[in-house]
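So in our numbering, spot 91 of the sequence shown is number 705, and the numbers just go up one at a time.
Keep in mind that the hints were calculated from the coordinates and are not lab data. Just so you know, not all the hints are guaranteed correct.
In silico DSS-like links for lysine-lysine, alpha-carbon gap of 25 Å or less [as the list claims (entries may be wrong)]:
1. Lys753 x Lys711
2. Lys761 x Lys711
3. Lys670 x Lys747
4. Lys670 x Lys642
5. Lys642 x Lys747
6. Lys642 x Lys774
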Amino acid sequence: MATSPYFNNYASQVEQRVYEDLVVESIKIMGFDGYYLPNDNDAARDLLFGEDPVKKFQSAFPLEMYLVNATEYGGEREFFSKFGLEIKNNASVILSKRSFSQRVPQEHFNRPREGDLIYVPFLYGTGELFEIKFTDHTKDFFSLGRKIPYFYELQLEKFKYSQEVIDTGIDAIDDVVTQSSYTIELN
615 MATSPYFNNY ASQVEQRVYE DLVVESIKIM GFDGYYLPND NDAARDLLFG
665 EDPVKKFQSA FPLEMYLVNA TEYGGEREFF SKFGLEIKNN ASVILSKRSF
715 SQRVPQEHFN RPREGDLIYV PFLYGTGELF EIKFTDHTKD FFSLGRKIPY
765 FYELQLEKFK YSQEVIDTGI DAIDDVVTQS SYTIELN
């Protein structure tokens, strides 16, 4: 046999727990505190086309996350299309499954969903909202001996505000509405 019989990750739940503890601790050491904002308007969700008429983000759950590429945005960035200049700033973050299941109510959300928002508080001094475009729960490819993932890698795109309801009770997140919306003050 080529593999060592003394290290069996697939049968030992104690070793799997140690691996999970190491993943959680490394995210807490090298990561940042962000917020997960789920879309609370499931009643109006269009199951045929997958769109919501009005998205409502009324709760925010603090989670520790790790920014995968901290040097620059990923993705296509700026490019000209038939609609003019488009700016697509993408980022990737990793969050542990244990932290997500402890802090986010599990009756509706058993994993981060596409279309939900992530608030990253330290970008540009005020923070930015990102929309989850893809949740990769097979990033570790079951290499550590467990089918349940240790972490999720979230592919994020900069959020473009278009009259969504954002009222979480956290001033830094709710200020995105006043900064990004088109408002006219009448005297």
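Evaluation of the provided hints:
About 12 Å separates the Cα atoms of Lys753 and Lys711, which keeps this hinted pair within 25 Å; it holds. Using a Cα cut-off of 25 Å, the hinted pair Lys761 and Lys711 holds, with the two alpha carbons roughly 12 Å apart. Restraint check: the Cα-Cα separation between Lys670 and Lys747 comes to about 17 Å, which is no more than 25 Å; the hinted pair holds. As the CA atoms of Lys670 and Lys642 are separated by approximately 29 Å, the hinted pair breaks the 25 Å bound.
This hinted pair checks out: Lys642 and Lys747 have alpha carbons roughly 24 Å apart, not beyond 25 Å. For the given pair, Lys642 sits about 29 Å from Lys774 by alpha-carbon distance, which is inconsistent with the 25 Å threshold.
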